[in-house]
Amino acid sequence: MKVEYDRETCIGMFQCVDEWDAFEKNLDDGKADLDGAEEVEEGVFVLDVPEDAEFDAKFSARVCPVDAIRVYDDDGEQLV
0 MKVEYDRETC
10 IGMFQCVDEW
20 DAFEKNLDDG
30 KADLDGAEEV
40 EEGVFVLDVP
50 EDAEFDAKFS
60 ARVCPVDAIR
70 VYDDDGEQLV
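At position 70 of the sequence shown the residue is numbered 69 (numbering that gives the first Met the number 0), and the sequence of numbers has no breaks.
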């Protein structure tokens with residue numbers, strides 16, 4: 000499972016931070032950061048989700064008010 004985070008879309012509500020510890024507040028930029036993620040294109044970050052964090056990753060995507068977080072299964076199908 001992978002999570003894709005579009006940092007440019009983020010509006011800094013930080014709901015994802017409350018749901019999954021992979022997200023961190025960046026108060027300087029007013030946006031969340033996805034710890035350990037790889038930037039695959041400008042402003043878009045991807046991270047492999049550990050099995051024990053799958054629920055938290057999905058929940059962080061569900062609570063994002065601007066849909067800046069997407070979760071994909073190993074076949075590339077979007078789950079959230």
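These are calculated hints, taken from the structure and not from any lab test.
Each hint should be verified, as a subset may be incorrect.
Claimed, not checked - List time: in silico SDA-like cross-link candidates among lysine to any residue, alpha-carbon distance up to 25 Å:
(1) Lys57 to Glu41
(2) Lys24 to Glu76
(3) Lys1 to Glu18
| request: Against the earlier hints, flag every one the structure doesn't satisfy and list their numbers going up. | output: Hint 2 is the one this structure does not satisfy, whereas the remaining hints hold.
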